[in-house]
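2 protein chains.
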Amino acid sequence: MIRTKKKFILASRSPRRANLLRQIGIKFSVHESNVDEVLDPGKTFGENVKSLSLQKALAVASHYTSGIVIGSDTIVVAGKRILGKPASRKDAAAMLRQLSGRTHTVFTGFSIVDAKSKRTVVDCEETKVTFRRLSDREIREYVRSGSPMDKAGAYGIQDDYGAVFVERLEGCYYTVVGFPLTKFYIALQKFLQS
Amino acid sequence: MIRTKKKFILASRSPRRANLLRQIGIKFSVHESNVDEVLDPGKTFGENVKSLSLQKALAVASHYTSGIVIGSDTIVVAGKRILGKPASRKDAAAMLRQLSGRTHTVFTGFSIVDAKSKRTVVDCEETKVTFRRLSDREIREYVRSGSPMDKAGAYGIQDDYGAVFVERLEGCYYTVVGFPLTKFYIALQKFLQS
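For the protein sequence lines, the chains are A and B, in the order given.
Count along the first sequence from 1, add 1266, and you get the number used in the numbering used here.
Count along the second sequence from 1, add 1266, and you get the number used in the numbering used here.
Here chain A stands alone, though its shape is the one from the complex (with noise of 0.2 Å):
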């Protein structure tokens, strides 16, 4: 378990990812941080999820002199493209067709920062994801439910329905619901004990 009295903050409103850090036991407030998520196409995937996941938790780390600020961003690769949120309902029935009976790569990077040393760590996870077909009947009735619109890839292998679009994971499940909980906790216990 971890055991500090340092405070966390995470500078995320993922209600996916404050689940799993209360799953392990870790307390902490909620601070967004409004940094742009835009993608620079001369780096890998690995390296802009975590250039991205310590953008956002620097940014909220600048408002606080102390505490642990945790920064996580996910992208979904199918192919080249990268999907983001969708940006319709359109958009995101058009994901999840290009999804449909393939497998596409889940990255999610993370970053830990000491606000007050501003001493950081920095790591990305990867998953592969098969999903099984879908109907366009099915397409349609999860792009209905509204559950995509706030997800990278338009659907959510956790929360609800989108669960049984997945047939097969390679890699670290959590890093597809949006946090990689085992490597960002064997990081934290290091982190925490230097």
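Check before you lean on any hint, since a few could be wrong.
For identical chains, the list gives no copy identity; a pair is met inside one copy or between any two copies.
Claimed, not checked - The calculated BS3-like cross-link candidates involving lysine-lysine, where the alpha carbons are at most 30 Å apart (straight line), are:
(1) K1394 x K1456
(2) K1449 x K1356
(3) K1356 x K1456
(4) K1394 x K1346
Hints were generated in silico from the structure; no laboratory data involved.
Got chain A sorted already, so can you dock chain B onto it with the hints?
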């Protein structure tokens, strides 16, 4: 989504299985089977979990004249050893030491039985799970929490702190939670249409 007026009965008191069924919008009552979970060494692991899930579903179906009964059974296999629910805290610690730093396989079988016609579908799914190396202290703390005691293999991937033992998955995540949600969903759709 699943559309039917039939009533569902879950032949398991596992809160994890109940949560997964709720996640895909199925409403059900719970009726525990009390079937002895005795494995047949002459059968494969997959055949065993299928057979036990069916025994549970049929035992419960015998109490009803209508409705659809869902049975399920999970075993954890490490090397050639089958890990069921731990008999004691000492047993739980021994299981976790055996899983530490290695890959094991989780088998989950499910059965769907129409209580009226006795029509049946049975299937199973297997997933490979890799644990990171656990410290003695982590094992001690996790066992002390009581969490391992009602779980095959002495850990829960979803509920709690056990999540950060898992480094990597290959296959269906929900099979490890204790119910192969995607495969079940597809089988149930076919079952209700035919």
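How the hints compare with the structure:
For the identical chains of this complex, K1394 and K1456 are neighbours both inside a copy (27 Å) and across copies (28 Å), given an alpha-carbon limit of 30 Å. Proximity of K1449 to K1356 under the C-alpha cut-off of 30 Å is restricted to the inter-copy arrangement: shortest distance 28 Å between copies versus 35 Å within a copy. In this assembly of identical chains, the alpha carbons of K1356 and K1456 lie at most 30 Å apart only when taken from different copies (29 Å versus 44 Å within one copy). Within a single copy, K1394 and K1346 get their C-alpha atoms as close as 14 Å, and across copies as close as 28 Å, so both meet the 30 Å cut-off.
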